[in-house]
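Heads up: the sequence lines are chains F and C, in that order. Following this note's numbering, the numbering of the first sequence begins with 1298 at its first residue and continues without gaps. Following this note's numbering, the numbering of the second sequence begins with 206 at its first residue and continues without gaps.
Honestly, I wouldn't trust all of these hints.
Said to hold, decoys possible - Each pair of labels, with its calculated beta carbon distance range:
1) C:249 with F:1520: 38 to 46 Å
2) F:1601 with C:525: 50 to 58 Å
3) F:1349 with C:477: 41 to 49 Å
4) C:521 with F:1437: 25 to 33 Å
5) F:1603 with C:250: 43 to 51 Å
6) F:1349 with C:533: 24 to 32 Å
7) C:249 with F:1422: 51 to 59 Å
8) C:348 with F:1480: 39 to 47 Å
9) C:348 with F:1319: 37 to 45 Å
10) C:393 with F:1355: 27 to 35 Å
11) F:1601 with C:348: 23 to 31 Å
12) C:399 with F:1581: 58 to 66 Å
13) F:1616 with C:320: 53 to 61 Å
To be verified - In silico negatives: residues of chain C with every beta carbon more than 12 Å from chain F:
14) 249
15) 270
16) 344
17) 347
18) 442
Just so you know, these hints were derived from the structure itself, not from any lab. Even glycine gets a Cβ: it sits at the ideal position worked out from N, Cα and C.
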Amino acid sequence: MTATEIRMVDAIREAMRAELAADPSVVLLGEDVSVGGPFGATKGLQDEFGAARIRDTPISEAAVMGLAVGAAAAGLRPIVEIMFMDFATLALDQLVNHAAKLRYMSGGQLSIPLTVRMQAGASGAFGAHHSQSLEAWLAHVPGLKVVAASTPADAYGLLRAAIRDPDPVVVIEHRALYWGRGPVETGEAAIVPLASAVVRRPGIDATIVSWSRMTVTALAAADLLAAEGIQAEVIDLRGLQPMDTATVLASVRRTGRAVVAHEAVGFGGLGAEVAARIGEDAFDALRAPVERVAAPFTPVPAAPDLERAFVPDAAAIAAAVRRTLARPDPRRRSLEEGR
Amino acid sequence: MLDAETPGALPRDPAGALALLERMQLLRAFEEKVAELYASGQVAGLVHLAIGQEATAVGVCGLLRPGDTVYGGHRSHGHALATGADPERLLAEIAGRVSGYARGKGGSMHLVAADTGFVTATGVVAGNISLALGGAFAAQLRGTGGVAVAFFGDGAGQSGQFHESLNLAALWRLPVLFVCENNGYAEFSPLSAHTGVERLATHAATYGIPAVTVDGNDLGAVREAAAVAIQRARRGEGPSFVECLTYRLRGHYEGDPAKYRDRAELAAWRAKDPIERLAGRLADAGLVDAEAAADANRRARAIIAAAADAVLASGPAPAGDLTTDVTA
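Generate the whole structure from the sequences, applying the supplied hints.
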């Protein structure tokens, strides 16, 4: 099918509509999903697929997640909408202790084909309880898969792949991207494998690794750098668990420099994991230490000015790239010192 | 469906009555074997036995049919056995052997016997209650008439998932049976240290769920209450709550000296042993005489002894399995 320009929030709805239509075992559970929730991602689906499959739930994240895990164990393919990722804290027992572990603990007797959509990220001054990026917690749990899209096309393709996947998949949706438009093809060919990083912009001087909204920011940083004659390569990780490190490593072997940018706080964030993998597997190619760009180690502030200061911007990413380029090449330095 | 003589109580035919007695004896023999293997070092880890609580598991599960699903907690060897799960594979799982249901990866608190509808046990108190809602939801959506059963203890009644699940089950009229095995102790402390509510069945009324509290050591009473609840669920009338007052004759886990309860209390509950009570009642009714009951017990113990021999001859959980079954 030809691509049409639609908003990410509409792409998400189209992905659910396609899977709901294709498979009667797909159901959707969440708070106010019948009216589309606060962002309209599910609007109209109950009219089309009925109240039995598109279910409004009480504000009971723990029990709803447990019900969805139990339903998945019984062969349904539930999609759960967590209205704000911050509320996933209430459902972590079921996600971490059951969804993630039942296949393993049962020795493969059970499969949990569950999709959990979580709207996340800091924008609009929503404050500390409606803005967090907690992907590192989830990616740390064996048995959970985690993805995050930066474009409407990927939001569509990754969500369809998640719904079809035999394992629990957390799909992180950044609300600042919901209304951005992009070309979206529909149909089978548009499905995106869960663990498939993509090079958004090729470059030869440094690699920027990012995901979700930070990929958009990284591309803006690459524009800033291009004006200075620096060609940064931007990688959109898309899959956070499992992670396509091969694409990252191949890029770093070409550029010799890497910056990881994410909106979550830095300490213990996935940037540390990416940096460690580069250090372990591409050390010889590195010409500078891997830089991390992340939010400061604070809760997400409410005031608009503070929120702007909290979220890493293109200037911060560009500055990190420049730092990697300003480092003397360690191999050259050691040669000089050896003289 | 239930047979014509419901609601409940005990079968009137000798074979049916004897089968229930023998199933309870099997649970007892199994758990005594687990205790023995734990004491001898053949079973490791945390092992929670339900010796003394056999009437609840057998009373409820004896009324289920294929397609129904059961969700247990940390003290659920008996629930799995009561669904008909293979004692040898269960024991092997508890002992960490390759012949276990999950080749040793689950263990005592995380048993799964999918073939008999024992979907899962869980090591996190109350987590299984909402999982059961999922089984009930799937049955409702597909119109199978299937019922889901959640077994949990009195300690679960103070958790958020318990209350969220009761509310949600009532709201959606899910075909689920909440079975609270109130054994008076949540881990090392009496229920009175956890809540001012004496009967957990009273919570059900808040959510509009029919509830009853029964003598959980009386197989007939458990069956009668469960039969009504299961019929309601199959008719699409929603969830029910059955609180079974019972007692665990051993500590919270094997190795727990259980000094928090006194001997007189223990003796009083020993006198209410559910297996002896059932045997006495069946003898009085002329259904199963003492000799037949003893024969059944010998059969049950022989099954468990043979299972234990096979388990001990089975290999350990293989190292190659460590990283399999994490994802598909």
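*Those earlier numbered hints the structure runs against, lowest number first*: 1, 9, 11, 16, 17
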